[in-house]
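Put chains H and D on the given structure of chain Z with help from the hints.
Chains as they are written, first to last, in the working numbering: chain Z, 1 to 785; chain H, 1 to 120; chain D, 1 to 185.
Just to be clear, a hint being listed does not mean it is correct.
[Claimed, not checked] Which bits of chain D does chain Z cover? Going by a derived footprint, with three or more residues having C-beta under 8 Å, they are: (1) 58-67; (2) 77-86; (3) 113-124.
[As the list claims (entries may be wrong)] One side only, chain Z facing chain D, incomplete, derived with CB under 7 Å: (4) L694; (5) K734; (6) N739; (7) V743; (8) I751; (9) G755.
[Claimed, not checked] Residues of chain H clear of chain Z, computed beta-carbon distances all greater than 12 Å: (10) E27; (11) V28; (12) N45.
Just so you know, the hints here were simulated from the structure itself, not pulled from any lab data. Only a predicted model underlies this, so the values are computations on that prediction, with no experimental measurement involved. Glycine residues also receive a C-beta, built at the ideal position from the N, C-alpha and C atoms.
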Amino acid sequence: MSIDLSQFHQVFFEESFEGLDSMEEGLLDLNPDVFDVETINTIFRAAHSIKGGAGTFGFQVVAEFTHVVETLLDEIRAGSRSLTSNHIDLLLRSVDCLREIMHALQDGDEPEMALANELKASFEAVLSGQDAAPVEDAQAASVEQTVSAASDAAEETSDVSTDTPPPSGYWSIYFKPDADVLRTGNEPVRMFRELECLGALSVEAVTCDVPEFSQLDPEVCYLAWNLTLNGGTRAEIDEVFEWVVDESELSIRWVDDVEDVTSQKISARDEGASDEGARDEGARDERALSAEHPSDVLAQTQSGKEQPIQEPSIQEQSIQEQSVQQASSQAPSVSEQSTQAPSVSEQSTQEQPSQEQQAQGQSAEPQPAEAAKTVKKAPAKSASESTSIRVGIDKIDSLINMVGELVITQSMLGQLGANFDMEKLVRLQEGLAQLEHNTRELQESVMRIRMLPISFTFSRFPRLVRDLSKQMDKKIDLVLLGENTELDKTVMEKIGDPMVHLIRNSLDHGIEVPEARVAAGKPETGTITLNAFHQGGNIIIQIIDDGKGLDRDRILSKAIERGLVAEGERLSDEQIHELIFHPGFSTADKISDISGRGVGMDVVRRNIQELNGSVEVESTPGVGSTFTIRLPLTLAILDGQLVRVGNEVFILPLVSIIESLQVDLSMINNVGGQSEVLRLRDEYVPIVKLHELLNVEPDSTELENGLLVVVEADNTKVGLFVDDLLAQQQVVIKSLEQNYQRVEGISGATILGDGKVALIVDISGMLKMANQTNGRFKSKDFQAA
Amino acid sequence: MPKILAVDDSASMRQMVTFTLKGAGFEVEEAADGQQALIKARQNNFDLVLSDVNMPVMDGIQLVRELRTLADYKFIPILMLTTESAGDKKMEGKQAGATGWIVKPFNPDQLLNTIKKVLG
Amino acid sequence: MTEQVLTKPTNASSNDEVENALGAHDTATDQYLTFIMANEEYGVDILSVQEIRGWEDATPIPNSPDFVKGVINLRGTIVPIIDLRLRFGLNQAEYGPMTVVIVLKVSDEKGNKVIGIVVDAVSDVYSLSSEEMRHPPELGDQVNISFIKGLVDVQGKMVILLNIDVLLNLKELPDVETLKKIIHE
Numbered sequence: 001m002s003i004d005l006s007q008f009h010q011v012f013f014e015e016s017f018e019g020l021d022s023m024e025e026g027l028l029d030l031n032p033d034v035f036d037v038e039t040i041n042t043i044f045r046a047a048h049s050i051k052g053g054a055g056t057f058g059f060q061v062v063a064e065f066t067h068v069v070e071t072l073l074d075e076i077r078a079g080s081r082s083l084t085s086n087h088i089d090l091l092l093r094s095v096d097c098l099r100e101i102m103h104a105l106q107d108g109d110e111p112e113m114a115l116a117n118e119l120k121a122s123f124e125a126v127l128s129g130q131d132a133a134p135v136e137d138a139q140a141a142s143v144e145q146t147v148s149a150a151s152d153a154a155e156e157t158s159d160v161s162t163d164t165p166p167p168s169g170y171w172s173i174y175f176k177p178d179a180d181v182l183r184t185g186n187e188p189v190r191m192f193r194e195l196e197c198l199g200a201l202s203v204e205a206v207t208c209d210v211p212e213f214s215q216l217d218p219e220v221c222y223l224a225w226n227l228t229l230n231g232g233t234r235a236e237i238d239e240v241f242e243w244v245v246d247e248s249e250l251s252i253r254w255v256d257d258v259e260d261v262t263s264q265k266i267s268a269r270d271e272g273a274s275d276e277g278a279r280d281e282g283a284r285d286e287r288a289l290s291a292e293h294p295s296d297v298l299a300q301t302q303s304g305k306e307q308p309i310q311e312p313s314i315q316e317q318s319i320q321e322q323s324v325q326q327a328s329s330q331a332p333s334v335s336e337q338s339t340q341a342p343s344v345s346e347q348s349t350q351e352q353p354s355q356e357q358q359a360q361g362q363s364a365e366p367q368p369a370e371a372a373k374t375v376k377k378a379p380a381k382s383a384s385e386s387t388s389i390r391v392g393i394d395k396i397d398s399l400i401n402m403v404g405e406l407v408i409t410q411s412m413l414g415q416l417g418a419n420f421d422m423e424k425l426v427r428l429q430e431g432l433a434q435l436e437h438n439t440r441e442l443q444e445s446v447m448r449i450r451m452l453p454i455s456f457t458f459s460r461f462p463r464l465v466r467d468l469s470k471q472m473d474k475k476i477d478l479v480l481l482g483e484n485t486e487l488d489k490t491v492m493e494k495i496g497d498p499m500v501h502l503i504r505n506s507l508d509h510g511i512e513v514p515e516a517r518v519a520a521g522k523p524e525t526g527t528i529t530l531n532a533f534h535q536g537g538n539i540i541i542q543i544i545d546d547g548k549g550l551d552r553d554r555i556l557s558k559a560i561e562r563g564l565v566a567e568g569e570r571l572s573d574e575q576i577h578e579l580i581f582h583p584g585f586s587t588a589d590k591i592s593d594i595s596g597r598g599v600g601m602d603v604v605r606r607n608i609q610e611l612n613g614s615v616e617v618e619s620t621p622g623v624g625s626t627f628t629i630r631l632p633l634t635l636a637i638l639d640g641q642l643v644r645v646g647n648e649v650f651i652l653p654l655v656s657i658i659e660s661l662q663v664d665l666s667m668i669n670n671v672g673g674q675s676e677v678l679r680l681r682d683e684y685v686p687i688v689k690l691h692e693l694l695n696v697e698p699d700s701t702e703l704e705n706g707l708l709v710v711v712e713a714d715n716t717k718v719g720l721f722v723d724d725l726l727a728q729q730q731v732v733i734k735s736l737e738q739n740y741q742r743v744e745g746i747s748g749a750t751i752l753g754d755g756k757v758a759l760i761v762d763i764s765g766m767l768k769m770a771n772q773t774n775g776r777f778k779s780k781d782f783q784a785a
Numbered sequence: 001m002p003k004i005l006a007v008d009d010s011a012s013m014r015q016m017v018t019f020t021l022k023g024a025g026f027e028v029e030e031a032a033d034g035q036q037a038l039i040k041a042r043q044n045n046f047d048l049v050l051s052d053v054n055m056p057v058m059d060g061i062q063l064v065r066e067l068r069t070l071a072d073y074k075f076i077p078i079l080m081l082t083t084e085s086a087g088d089k090k091m092e093g094k095q096a097g098a099t100g101w102i103v104k105p106f107n108p109d110q111l112l113n114t115i116k117k118v119l120g
Numbered sequence: 001m002t003e004q005v006l007t008k009p010t011n012a013s014s015n016d017e018v019e020n021a022l023g024a025h026d027t028a029t030d031q032y033l034t035f036i037m038a039n040e041e042y043g044v045d046i047l048s049v050q051e052i053r054g055w056e057d058a059t060p061i062p063n064s065p066d067f068v069k070g071v072i073n074l075r076g077t078i079v080p081i082i083d084l085r086l087r088f089g090l091n092q093a094e095y096g097p098m099t100v101v102i103v104l105k106v107s108d109e110k111g112n113k114v115i116g117i118v119v120d121a122v123s124d125v126y127s128l129s130s131e132e133m134r135h136p137p138e139l140g141d142q143v144n145i146s147f148i149k150g151l152v153d154v155q156g157k158m159v160i161l162l163n164i165d166v167l168l169n170l171k172e173l174p175d176v177e178t179l180k181k182i183i184h185e
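Chain Z extracted, bound-state conformation (with noise of 0.2 Å):
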């Protein structure tokens, strides 16, 4: 049977992204001065089953690199070595160069191996260094697998030739398991029906030990057996015993056919031969033992000392396996790997100290550069992602629930509908209201499927904060909380980037350097919080920092250098923080590779708003800064309010909703004799009339003939001026841009029950054309500035 392995490639790479998320978190986690077995364990387990993976879905390279890190990995988790920083580098390191490899293996292109090849020889030098002393051994191993490996395959194919039994004779077994073998599972009889499958086999039972049967357990084995086999190599007959050989007393012999000429000829089905054979062995065992054949004597005892002598040949075995699949997927990068480190963790063999120093100051040095170069690569791949989504199995079992109901409510109507008489149009309309209520229902559940925590875009800032706050010599907490507040996919996969600006962000310009917090009286540390949590509809983030705030007076003097304010003008501190999302403004002295890099907030602020969501900053000097971003929970359903304005239908998002009202005219102010006012209990709320911003024929363009919908949004609110409110419906928002372009005010079209397309207002966007075309009213800090 062959199966196609690359149907279980996808998955294989998706759990191999979750266990290198898992490492990174854990590497994270980890403090060189607490030996945290459970986290080591953790991170040990994740190299293991990509090693494992790997090799079984046939990525050599990812499985031959992970080796030498699992390896460092076991030895810190044995405690044979210790945990230092550097080894935890190294290992940071090498889950960013797997993400990469995996990344273009995912993508069907050829991985870049140079970092991969420059970690792993890191990797050996460490794994050569002193500091392993009580571990020589499973060393030694490694190195001997690398140099072997690389090593001629004379060497194997002369190993394989004396697997080939000489042409005429037989094997002579002896067999004693352990009297417990069979509580291994290992049933004896089953050996030697495989025995049987090499050539013709006769077996003797040695039934001396057999106790009487008053005294017999029947679980324990006191057989031994002898053994005659046509046919076979000895690997194949180890490979029978090989479970069982260091539980048992087992000799395996081969015995020449001398004395006889003719019996060359010994068919595997000369049944008769065979026996003579066996009847003779007792002779042949004493000329076996004098060792014609020295190398195929091997006469087994007990366990556990002679265990080296079998060791070796499964090696081999393995890696001929490994060097034949180098070869057949040879590109120039994986051989220039093969040769290059074993002659690195030889040479270390022999000058252990200063080698080791020298490897890790190689290392060290170009670290940075190549993590940079890392997380700059990463985003650019991202069509790779996304391809499936985990779901628990409470979401699925939910679902699940959730039809069983739909078929049970359309099996009712449809015994309805079989008889329809006036008499049961209540039950109809019930059955109709349950239908509702299911299909309601049933779009939650489906879209709560697309709903994941946030833990996902989180979890990949512990490592950008440690990095940065490294090369900035910034000692800085990172706090997380909410991280299990969920989102839509979509927008978590939209969010990463912003967030990674903010941080950056609170990072260079929010948290100062040590000595000027200690000098403000602060911590020497710096604090810097994510924090996520759900309001109404929509999914809060903030990113607090408790570093110098926002400078006010260099924000106002480079704005109005900049032009964007006048001179003079008076602001408040609200409309002063504004200004940083204005496009091009930057205050960063000098532009450092942390942020300033051309990239504004006012970029930040364009894909939050691209998302339908707002960023909003508050700072106090000396305290700290708080950034705030509010996003819609999904983007592909909405909550809507349908209104009417003459024959046309828009929806409004229920969300920013405040209230409606019928316009009682002693409400209304004009304003300077045009704009008109609502008085809203002790606010004033100007009016925005739909048809006159959207261009559309109303049924009537006096106030008291149609109604007011309360909206809000930016801080602003408003009242819109309709004809009619119509249903409320959650509607599927379609992209308006896919087919045509982007449209002012709009956010989207949905399609209504009836098919008819109608338009989704945006309110905020409506807001700013309100305010360009007539500029009738300012938000509320203005009016209070």
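Frame of chain Z, contents of chains H and D only:
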């Protein structure tokens, strides 16, 4: 048809093993760690257990020990999926009562051959 | 709709015929769907035509140019409808039972878009080779005529072959008078 329990914390490995074995006509149940495996083993009568060694919650070695204490699993074959690396303790597994092992990486044919041999 | 394969003898010189034979692989004929608009016949590459449907009311898009009639629901996707008459600055015709929408797949730098164009009536399908096409007359730098792939004479009737990708992405189009000049010069 013999019933096999496949235990591995790696979903891709489980899929591969299950697909291979089902393709050969075996009945297969999956478990992602030793704990899950033990629960499934108590609910079913498997003819063979195939288990990874390094797993979260309960590792393969412990699973073998636990299984061998159950009357139904005293003699049934339990195979470990191991690697050649030092991290995988074949001998420890054997002492715990495992029947044998299949060395990773293996391909579907190797897996099937071994299992067919063990099940006779 | 009948299909006319033009096999009329061309008045091309023998030299041209040799060229034809040599370049046979890239001068294979393309099929064009033609439609009538203000008594002129226009053709679009039939491979870009997705479907032809009758006129139905579209949902208007606020503050859009008058030639954008709105958007319709085409099996779940939102498709804009453009009145080609208005696009060329002609008067809008009354929409009637003969009014049809040709749904086209258009490529721009961002990928493919599906757009419907309103035309007076669908006319015919022709197989044409590029030899039969001639270039539109140059009218100076002011007039961008890159949306015209070529002009072709079909049985004494002038057909304007449109490069639909360019046409629907152009900001400015020449007015109808200029168009007339192009066709009849």
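Far enough from chain Z: is every CB of that chain over 12 Å from the CB of H/N45?
holds, 14 Å
Check of the segment 77-86 of chain D against chain Z for coverage (Cβ-Cβ below 8 Å, three residues minimum)
holds (count 4)
Beyond 12 Å from each Cβ of chain Z, as asserted for H/V28:
holds, 14 Å
Quick one, is the Z/N739 hint okay against chain D at 7 Å, beta carbons?
holds, 5 Å
Could you check if Z/L694 really has its C-beta closer than 7 Å to a C-beta on chain D?
holds, 4 Å
Would you settle whether the hint for Z/K734 is holds or violated, based on the nearest Cβ-Cβ distance to chain D being less than 7 Å?
Cβ of Z/K734 sits 5 Å from chain D, so the hint holds.
According to a criterion of three or more residues whose C-beta lies within less than 8 Å of a C-beta of chain Z, is the segment 113-124 of chain D covered?
The restraint on the segment 113-124 of chain D holds, since 3 of its residues have a Cβ under 8 Å from chain Z and three suffice.
Hint Z/G755 vs chain D: min CB-CB distance below 7 Å?
With a closest approach of 6 Å, the Z/G755 hint holds.
Is the shortest C-beta separation between Z/V743 and chain D less than 7 Å?
For Z/V743, the interface hint holds, since the closest Cβ of chain D sits about 6 Å away, which is under 7 Å.
Using a Cβ cutoff of 8 Å, are there at least 3 residues of the segment 58-67 of chain D near chain Z, or does the coverage claim fail?
Contact hint for the segment 58-67 of chain D vs chain Z: holds, 7 residues under 8 Å.
Would you settle whether the hint for Z/I751 is holds or violated, based on the nearest Cβ-Cβ distance to chain D being less than 7 Å?
holds, 5 Å
Distance rule for H/E27, whose beta carbon must clear each one in chain Z by more than 12 Å:
Holds: least Cβ distance 17 Å, greater than 12 Å.
Hint compliance for this structure: every hint is met.
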